[in-house]
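Novice: Can you make the complete structure from the sequences, with help from the hints?
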Amino acid sequence: MLCTLLLFPFLIQDSPPRPAQEPEPQSAWQLITEKYDADKDGKISRAEYSKDDKYFARLDADQNGFIEASDLKKLGRPKGFRGKTDDAKDKLVIAEAGKMAPDFTLRVLEKAKPSSAKKPNKKVGLDDAVKPKTFQLSSLKGKKPVALIFGSYT
Amino acid sequence: MREKYGKEVEFVVVYIAEAHAIDSAWPMLNGPLLEEPETLEERIANAGKCAVGLELKDFLTVVDGIDDKVMRSYQSWPDRLYLVGIDGKIAYKGGKGPFDFKPEQLDAAIAKELAAIEAAKQADPETADRLIQLFS
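From first to last, the protein sequence lines stand for chains A and B.
Read in order, the letters of the first sequence are residues 6 to 159 in my numbering.
Read in order, the letters of the second sequence are residues 133 to 268 in my numbering.
One should not assume that every hint holds.
Each pair of labels, with its calculated beta carbon distance range [what the hints assert, rightly or not]:
{"id": "1", "chain 1": "B", "residue 1": "Leu-246", "chain 2": "A", "residue 2": "Ala-43", "range": "51 to 59 angstroms"}
{"id": "2", "chain 1": "A", "residue 1": "Asp-58", "chain 2": "B", "residue 2": "Gln-207", "range": "23 to 31 angstroms"}
{"id": "3", "chain 1": "B", "residue 1": "Ala-177", "chain 2": "A", "residue 2": "Ala-52", "range": "22 to 30 angstroms"}
{"id": "4", "chain 1": "B", "residue 1": "Glu-140", "chain 2": "A", "residue 2": "Lys-59", "range": "53 to 61 angstroms"}
{"id": "5", "chain 1": "A", "residue 1": "Gly-47", "chain 2": "B", "residue 2": "Asp-219", "range": "55 to 63 angstroms"}
{"id": "6", "chain 1": "B", "residue 1": "Thr-171", "chain 2": "A", "residue 2": "Glu-29", "range": "20 to 28 angstroms"}
Hint data in this document are derived by calculation from the structure and do not stem from the laboratory.
Don't be surprised by glycine CBs; every beta carbon is placed ideally from N, CA and C.
Specialist: What follows is the structure, given as structure tokens:
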């Protein structure tokens, strides 16, 4: 829930406001109908909804086989953790203070670069490590501390 | 904080599973309206919207896989702060957000880590030269 960052603006560097890339939906119902209501009949059948059954079941609150506007008004009741629970099977190393940080390599969110963007300084090398297409945590070991900010938009 | 420490510390946003997607177990309809992603590309699209909406363009943002492995390894859902020291060890593990999401604790941990690095530089000039080269 990176919205938390809105409460702590000093985490975010000052930068000019940027327009959204596409119009944001004004309601959850608008988002759902624009994406899935192919026949425009004001409700979404299982055939129209392309995602997994578990998501359909969550949205079809009255369980009548259709997602309708009235269903979305009933959302909000906790029904259990959404995350995976097969940590042991995956042999995950759990991050603990004082222990080596579990290493990872993840996709970097690439941003549109203006045509006037400054070319990276090839002499330093670290610039290349900062904005690769993938980022490996251990690549900065011995070079810089790393602050990890976990979260999502919602 | 990034302005304060950005030259000495790498700030990395790790985009993980949605906290309150509209089709999640805890939907929230009064914030950003997003669906739970089923593919990495969908999660990357959500991360892109987040980067625009929260003006995170100056942060390095990485996106967890759809298997949520990094999120689970760092026990970081729905949000959490960490500091990984220059030695690769976890110097600070924040509490789970949103209630224990404490940037001021991260700030203190960074100050402590940088002080330790500075002390090491004073004690070992050879290492100091190497670090200065790396940071310049």
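Novice: Identify every previously stated hint that the structure contradicts and give their numbers, smallest first.
Specialist: 4
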